[in-house]
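Visitor: The lines below spell out each chain.
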Amino acid sequence: MNFSESFRIAWRNLLRNKRRTLITGFSVAFGVLLSVTFTASGDYSYTNMINTSATLGLGHLAIEPPGFNDTPSLARRLAGAEEIRDKVLMLPEIESAYVRIMGQAMFASGAKSIGGQVIGIDPAVEDSEHNIFIRSLVEGELFGEGLSRGVLIGSKMAEKLRLALGKKLIYTLTDRTGDMVSGISRVSGIFRTGEDTVDSSIILLPIDRLRKVLDYDEEEASLVSIFIVDQRRADSLRDRLELLIPRQDREILTWRQTQAELAGLIAIDRAGNYLMQFLVGLLIAAGILNTLMMSVLERKREFGMMMAVGMSPSQVITMVLAESCLIGIVGLLMGVLITSPWYYYMVNVGIDFSSQIGDDYSTSGVLVDPVLKFRLFKESALAIAAGVFGLTMVAGIFPAFKAGRIAPVDSIRNI
Amino acid sequence: MATNEVIVEFDRVSKVYQEGRVEVRAVKELSLKLHRGDFTVLYGPSGSGKTTILNLIGALDVPSDGRVLVEGNNLSGLSRTQLSHLRRDRIGFVFQAYNLVPVLTAFENAEFVLALQGVEKKERYHRTMKVLEEVGIADLADRRPDELSGGQQQRVAIARAIAPEPVIILADEPTANVDSANAAGLLNLMERLNREKNITFLFSTHDERVISRARRLIRLKDGELASDQTVVQ
Numbered sequence: 001m002n003f004s005e006s007f008r009i010a011w012r013n014l015l016r017n018k019r020r021t022l023i024t025g026f027s028v029a030f031g032v033l034l035s036v037t038f039t040a041s042g043d044y045s046y047t048n049m050i051n052t053s054a055t056l057g058l059g060h061l062a063i064e065p066p067g068f069n070d071t072p073s074l075a076r077r078l079a080g081a082e083e084i085r086d087k088v089l090m091l092p093e094i095e096s097a098y099v100r101i102m103g104q105a106m107f108a109s110g111a112k113s114i115g116g117q118v119i120g121i122d123p124a125v126e127d128s129e130h131n132i133f134i135r136s137l138v139e140g141e142l143f144g145e146g147l148s149r150g151v152l153i154g155s156k157m158a159e160k161l162r163l164a165l166g167k168k169l170i171y172t173l174t175d176r177t178g179d180m181v182s183g184i185s186r187v188s189g190i191f192r193t194g195e196d197t198v199d200s201s202i203i204l205l206p207i208d209r210l211r212k213v214l215d216y217d218e219e220e221a222s223l224v225s226i227f228i229v230d231q232r233r234a235d236s237l238r239d240r241l242e243l244l245i246p247r248q249d250r251e252i253l254t255w256r257q258t259q260a261e262l263a264g265l266i267a268i269d270r271a272g273n274y275l276m277q278f279l280v281g282l283l284i285a286a287g288i289l290n291t292l293m294m295s296v297l298e299r300k301r302e303f304g305m306m307m308a309v310g311m312s313p314s315q316v317i318t319m320v321l322a323e324s325c326l327i328g329i330v331g332l333l334m335g336v337l338i339t340s341p342w343y344y345y346m347v348n349v350g351i352d353f354s355s356q357i358g359d360d361y362s363t364s365g366v367l368v369d370p371v372l373k374f375r376l377f378k379e380s381a382l383a384i385a386a387g388v389f390g391l392t393m394v395a396g397i398f399p400a401f402k403a404g405r406i407a408p409v410d411s412i413r414n415i
Numbered sequence: 001m002a003t004n005e006v007i008v009e010f011d012r013v014s015k016v017y018q019e020g021r022v023e024v025r026a027v028k029e030l031s032l033k034l035h036r037g038d039f040t041v042l043y044g045p046s047g048s049g050k051t052t053i054l055n056l057i058g059a060l061d062v063p064s065d066g067r068v069l070v071e072g073n074n075l076s077g078l079s080r081t082q083l084s085h086l087r088r089d090r091i092g093f094v095f096q097a098y099n100l101v102p103v104l105t106a107f108e109n110a111e112f113v114l115a116l117q118g119v120e121k122k123e124r125y126h127r128t129m130k131v132l133e134e135v136g137i138a139d140l141a142d143r144r145p146d147e148l149s150g151g152q153q154q155r156v157a158i159a160r161a162i163a164p165e166p167v168i169i170l171a172d173e174p175t176a177n178v179d180s181a182n183a184a185g186l187l188n189l190m191e192r193l194n195r196e197k198n199i200t201f202l203f204s205t206h207d208e209r210v211i212s213r214a215r216r217l218i219r220l221k222d223g224e225l226a227s228d229q230t231v232v233q
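Line order of the protein sequences matches chains C and V. Take the first sequence: its position 86, counting from 1, is numbered 86 in the working numbering, and each next residue is one higher. Take the second sequence: its position 45, counting from 1, is numbered 45 in the working numbering, and each next residue is one higher.
Hints in this document: simulated from the structure, not taken from any laboratory. Some hints could be false.
Unchecked claim - Here are some chain C residues pointing at chain V (derived, C-beta under 10 Å):
no.: 1; residue: Arg301
no.: 2; residue: Glu302
no.: 3; residue: Met311
no.: 4; residue: Ser312
no.: 5; residue: Gln315
no.: 6; residue: Ile317
Claimed, not checked - In silico negatives: residues of chain V with every beta carbon more than 10 Å from chain C:
no.: 7; residue: Val16
no.: 8; residue: His35
no.: 9; residue: Leu60
no.: 10; residue: Lys130
no.: 11; residue: Glu134
no.: 12; residue: Leu187
no.: 13; residue: Leu189
no.: 14; residue: Glu208
From the three backbone atoms N, C-alpha and C, an ideal C-beta is built for every residue, glycine too.
With the rest of the complex left out, here is chain V:
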């Protein structure tokens, strides 16, 4: 459940891209806060700044102006290596196209971030098997991504994201490439992880199936906050 603990804070954040000679203002002086346990959806038309916000929170991009704070750390003040460590230890990513490492098995993909953290092999094995069981694909642990369905691959991606026990998971169109049954299953899984592990989820999506599950809806328009509402379920 959401608490008062602020995980992410946007303080008058702007992001400007230069596309050729054209200056694109993807985010305009946006301020918002995400709390521990939030299950939030960012939605809005294409080009409204959803992915840019995810990239800024995920320490993949830096703001042109303003401050992005994750657990109180101003990302603009961190080095490239510190940003890598922040992504590795505190943030989980779930991408639209799964983005598993094709040469690794489901197990190896799920343990990938733990290996980056230098977690000892035995502990890594137990933690990875546990998360694979949690996402319901422990029996497919030895398969490579090309031997898994889209839904199964996304489950592996979720396992990879939750294995290091991050404070927030950023999910960019996580259901875009899966059918309805699989989408429902994935959303059930993420809801359960949010509820049981109190992991903060932030989705960027157009998908009504995701929007309908949100407990907080942030609508964006032209890089600005159009609305921010808490959904009572």
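Looking at chain C on its own, in the form it has when it is part of the complex:
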């Protein structure tokens, strides 16, 4: 008896008790729904957090001078940064790349002084998609190119230093040799990201102005911040960049390294998510096992008769596993049917939790979207299908072996 014949009999056995098959299929479908809900909300929120975090300055990948990630000193410089950027942009997977200077500084107004971070950017190439500060401008505008004396500051910093558009801000930092240097700029724009720590501690300056203040060479910077189309490809792209830029005076880091706290948080959350899915899967598998077990015990005599006329234990096992496999397929199809409207709604509308968590909820310094939406990567969808199908098959193993171990003489004694 070949596989197709085993499947034919298995299919008819399933049709024998349609209600039970539907209920079992629905259990599998419910597993699909739950798994998609857990995974797609994770895929959406993690991607959102990673992408938002990337726009805070470091990108999905960063090419930096060695040691800069651990000690982000302005004394550490990346030579030939513009040339590196041009090379990086040759890879089609790279969405964008920006040369930036990043370091610690003191900011002072006539009223007060505070510490924070300065980011030097090139206004000619930066865009709002990859720069949360430009995207979050609530007053004024981005400073001009070249040696402009404009500066972007956060709304909380503006409050603390009592600054408004056009007012002077003095920044003090250490230059390439470790000497204290200062510069003065006028507020050209105020941003509000919603994350207080960010809005109170970061300023943006034109990179050329900062180079001049710090006495950097024309091509020197702190890093090249790289944005990629799919953040999940960061590791493989880093490996390719390592080959593309064979230099000793730089290191290439992914967002997991530059945003280690966020990466850790996501890893823990993802592990919890997987554990939850596994437990739900176990419950569903127990239900399927119970149903299949009942179905096998009900047909004990039938299996005994089949074995009496020559069916081998392995053929009986194959037939019951075929039933399990078909339940898995039916369940997956039902799962797609019941999950699709839910998924469509969650992708396009989502659930707004802003009344519970507010509009400015953040974690690890990254704003979290209060609207929960879904996004399911192709790999995740395949993993769900494989996982649910696999669990259904696993649930069928014990009943199948139970059927295969039936002694025909016992089951046909009363035939």
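Knowing the structure of chain C, use the given hints to seat chain V on it.
Guide: Only chain V this time, still in chain C's reference frame:
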């Protein structure tokens, strides 16, 4: 017609069942031989060991003592899979309650063992249709068991048993659930198959209608051979 070729041999076979704390000796040191073409009936009161003997010959059970040989193979020395293959290829079963697979049609039930043997589909079709014609239900091939009468179902069971061309068919009370007309028809069919195909039949029955057709009668009592006589017809 019966020949001298021994198909089944019982050599001082005993079978003991444990029912709770009670030991039941279903068969006691029984020795007998069945030859190719035999049309034999095992009869005797309930508990005399008829079904146990059928189960032992059918490789469904193993003796507690002694040897059961089918075509010279000692069944005690065969693995579970080898026993399955022996049942599939050399032994046919006809049960009292027909025991067809309810989700399969008459045709599919009849071809079931051929499918287990891995016979190629086209050949399987021809052989199955041939046996369905032989048992007289080719026109009901597409019906499922619940759409057939008891007699028709038993004919399908016989078709299933003879399709793989076994050396022996074991029939346990094959006429118990059918009326007289159908019983006569079934017995005529089995007699014809015995005569034309030289298939050995071994019945276990109380039914006088079956006993009256036997060419060899083996009477059992308390698991022992009470008598073994050849009937001249």
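Visitor: Taking the hints in turn, state whether each one holds.
Guide: Outcome of the hint check:
1. Using the Cβ-Cβ criterion of 10 Å, the hint placing C:Arg301 at the interface with chain V is satisfied: the shortest such distance is roughly 8 Å.
2. With a least beta-carbon distance of about 7 Å to chain V, the hint placing C:Glu302 at the interface is held under the 10 Å criterion.
3. Satisfaction of the interface hint for C:Met311 is found here, the shortest Cβ-Cβ separation to chain V being roughly 6 Å, below the 10 Å cut-off.
4. With its C-beta approaching chain V no nearer than about 4 Å, C:Ser312 sits inside the 10 Å limit, and its interface hint holds.
5. This hint holds: C:Gln315 has a C-beta 7 Å from the nearest C-beta of chain V, less than the 10 Å allowed.
6. With a least beta-carbon distance of about 12 Å to chain V, the hint placing C:Ile317 at the interface is violated under the 10 Å criterion.
7. Its beta-carbon lying about 14 Å from the closest one in chain C, V:Val16 satisfies the requirement of being farther than 10 Å from that chain.
8. Residue placement check: V:His35 keeps its beta carbon more than 10 Å from all beta carbons of chain C (closest about 23 Å).
9. Distance check for V:Leu60 against chain C: the nearest CB is about 4 Å away, which does not clear 10 Å, and the non-interface claim fails.
10. Look at V:Lys130: its CB is around 19 Å from the nearest CB on chain C, clear of 10 Å, so calling it non-interface holds up.
11. No beta-carbon of chain C is positioned within 10 Å of the beta-carbon of V:Glu134; the least distance is around 18 Å.
12. Distance to chain C confirms V:Leu187 as a non-interface residue, since its nearest Cβ pair spans about 20 Å, more than 10 Å.
13. The non-interface label for V:Leu189 is consistent with chain C: the shortest C-beta to C-beta separation is roughly 19 Å, beyond 10 Å.
14. For V:Glu208, the requirement that its beta carbon stay farther than 10 Å from each beta carbon of chain C is met, with the minimum near 22 Å.
The structure does not agree with the numbered hints 6 and 9 stated previously, though it agrees with the rest.
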